[in-house]
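A.B. asks: Take these sequences, add in the hints, and give me the full structure.
Chains as they are written, first to last, in my numbering: chain S, 14 to 249; chain V, -4 to 774.
FYI, nobody ran anything at the bench for these hints, they're computed from the structure. Do not take every clue at face value.
[Said to hold, decoys possible] Chain S side only, calculated, beta carbon under 7 Å to chain V, not exhaustive: (1) P22; (2) N25; (3) D29; (4) R122; (5) F123; (6) I124; (7) C125; (8) P152; (9) A154; (10) R219.
[Said to hold, decoys possible] Under the rule of at most 35 Å between Cα atoms (straight-line distance), these lysine-lysine pairs were calculated in the DSBU-like manner: (11) V:K466 <-> S:K40; (12) V:K470 <-> S:K15; (13) V:K352 <-> S:K87.
Heads up, the beta-carbon is just placed ideally off N, CA and C, and yes, glycines get one too.
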Amino acid sequence: MKFGVVVFPGSNCDHDAFYALGNVLHKPVEFIWHQSQDLANCDAIILPGGFSYGDYLRTGAIARFSPVMKSVEKFANSGGMVLGICNGFQTLCEAGLLPGAMMRNSGLRFICRPVHIRVEQTDTPFTNAARKGQVLTVPVAHSDGCYTADEADIAELEKNKQILFRYTTPDGSDDAAGNPNGSMYNIAGICNRERNVAGLMPHPERVVESALGSADGLVIFKSMVEALVGAAKATA
Amino acid sequence: MATAATEIKVTPEIAAEHGVTAEEYARIQKILDRDPNITELGIFSVMWSEHCSYKSSKVHLKRLPTGGKLVVQGPGENAGVVDIGDGLVAAFKIESHNHPSYVEPFQGATTGVGGILRDIFTMGARPIAVLDSLRFGSIATQGDVDARFTRSTKTDPATLAANRRILDGVIRGVGHYGNCFGVPTVGGEVSFEPCYSQNPLVNALALGIARKEEIFLAKAKGIGNPVIYVGAKTGRDGIHGASLLASAEFTEESKKKRPNVQVGDPFVEKLLLEACLEAMRTGAVVAIQDMGAAGLTCSTMEMASRGGTGIEIDLAKVPQRETGMTPYEIMLSESQERMLLVAERGREYEVLDVFKKWGLDAVVVGTVTEGGVAVVKNHGAVAAQIPAHPLAEEGPVYNRPLAAPAPRVESEKDWFAFAPEKTNLTENFKKLLASPAIASKRWITEQYDTSVRTNTLAGPGASDAAIVRIKESEKNGVMRGLALATDGNGRWCQLNPKVGAMHAVAEAARNVATSGARPIAATNCLNFGSPEKPEVMWQFSQAIDGIGEACTALGTPITGGNVSFYNETLGKSIYPTPVIGILGILADVSKALKVAFRNAGDAIVLLNAADSRSRLDTRREFSSSEYSKTIGGIVAGEPPAIDLAAEKRLIDCLVALADTGDVQSAHDISDGGLAVALAESCFAANGLGASISFNENSPAEYALFSERGARAIVSVSPTNLAVVLATARQCNVGASELGNVTREATLRIELKEHAAIDSPLDVLRDVWANSLERLVVTS
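C.D. replies: Below is the structure:
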């Protein structure tokens, strides 16, 4: 089992994802440079947070055309596990690997604070270790996190149970009150129809040790590990 | 002033336009043994500007303590460096970007953060935290009182609105740069005084970590070694930023200086960071210097001067983003995100390859030469030829005249008049909690990324100091941490610059100790008016004496910083405002202390190291407090008397209590006094309250809101109370039990068996938590 963390110029949560996987979960992990088309036999790819290529045009709009994304697309289309966090989520939307787009936060300001997200589906490689309805405390840190899609896409997401996380209040009761950025239907994270590609705006890699206030993000990485272990057993 | 071309003949009038005095011009002629050409004049004018040369402050800065057994690098390099154990060092420094932030708040603030980050990674250290110390003019009429006039200044609505706009731009700028660069902004301060209306203070502090043997210095070495320009291209932005913007006071014309403000690109800086650290690891980098103030001029001249060498560069090779730039413009440009480095001859390609990988320009523009002369060529023709050492080190030094201002005529009627005994102060307390100085800064700090890099143990407001862990220090599951706090109190310094400066040091050190860390070193940002005014120089000299005395007493040598003079607009100086940043070491981050109360039933203990006999007249002292300003509309009197020995005892006591783990929370008593400290500890502990009852032989308002130093509150489980009281006694710190943490979410403070404050916490929390946002966004 090996994780790959893509490094775009301007990625700045790459080290954090690397640390969470390598130092906290003790799993093999390596960086993958944006100009490389070789995914180094990784079994799961993380597109980390940051400001890829400065994000001056539109978030993720340039990253989507980088050489590494050709390989990531191929990997995803052949069933490989890909998780996009924050800027990585934006990039997956730009690349068309996930539906929808990210607009400026409704308050038009950068927001960094812990938010609460409810796990909506557990039959995915990213949430299988979580309980349905479990509320996780995970920080957001973004300017452009307002998830937007046309109604047909939203209907598809609902129908196929692709909405993985919704913003909510700590007790999971009032989603709109817990929505920090104006995302449609309080959507915080989604997956593709095939369930092997997911993206979320909050940063689970920042909350993997209780010393830093919350270890709620671990469940997402543990799910990925379990899914990979399961897949390895299935092929063995 | 015209952007001059080489052909312009230099005259004393042109020199004067560059801010070069007749005497300084004569000195230039002597060093060159001829008249300078226009490019050379430009070079001298920026190198000898107040901002770059410290010509008015040097004689005073010498009095600061700079040595210590943990100091690896004191003032004079890009940043101070201290030993934090296990082969690791911390590089840290604070710097101002005041004038640009008034002229263009967003870009001024971004480039302020960018500049200080470069200072840190130029040393080979990876930045891990930023703090911002921000001061703005009044944004509300409540508490809009100026110490210079004692009573309300009645700032007009247009200025209040302008101050809010400046605040908003600065906040966005600070956030934008750090957020994009990927460094957490973990703390700092925001305060408001009328004197900062047309001269906000934007002081940014950055902290970085490196291995001790990997620290880089800016000393050109090795004759024949190539000089390499890396990073962003050079444009016409920021020309004379250091000399004309930072080293002159503001007039009606100041807004026309917008072209002198640089424009920041945090994305390029992030690439530059990664590329520089990677290039340094090749072992082929000999020296490196960032291009900040005075750009290519300062970096070439200082590297050569410090290395005792000469340098020769050809400007034709400098990457340029505009055409037709003259040597004068290229040398004086302050375009951001650029570095100059010296590589080992024959290994330059190792360095160039790294920058190419990161998509950055990297070009050999010259060589290190023998003989100490800096030669600047343009397409082969000599554009400037100056001996580097005399230029960098033999600039003018002024021992400017000092004059104490005439003593203030004060009488008791100018002082705050205490409310009659048994007045219920709850309504006043709410007003105090809602004032911009005291209100929660959450609305601001949520616009900063506070948790990237996953080291933030205590971000803004969680502890009295920001605490970051050092992952590299992990040993058997124990990690070391660093605590950082910045403090300054311009109002107190205006009333008494020496005592005010001592308080700034003491409060920063106390904040670090309240987080559980041992304060070890300091950095300072000295914001003052025009040094050409004897009263301002007197304030400066007094403040230096205060800082020196306090840093010596508290064992925190000054390792660097900067001086910002000419903070005045239309002839009016700001309050003298030294801002002190103090760094502390926490041996085990799991022992960090935070502000929040933890358990209902815990005892709340006041630690008070000060000797009450040294107190000033209570009314006189209280007239300088935040409460007097906000509620009474009065700023007068004197800052509280300071007792440095008591501050030291309190620091030792707090560090000891953190180490034994006997206290549940700790919070120092500062702005707004005991009542505000208690309320903040409740606010941070969602759902807990406090019930307090004590007797003090002074008016209730003094007992609750006095800001005298050397005090903190801690909460203690009943089983540990005896041990904590014994530890305090051993440290010679007074300790008295004031009351308890309660399950009921109410703050009730009884004095002499009479309720002085009694309110549900929700009510208090609402005004405290939301006032700032309401003021800035909706008014």
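A.B. asks: Quick one: which hint numbers does this structure break? Sort them smallest to largest.
C.D. replies: When the structure is compared with the hints, none of them turns out to be violated.
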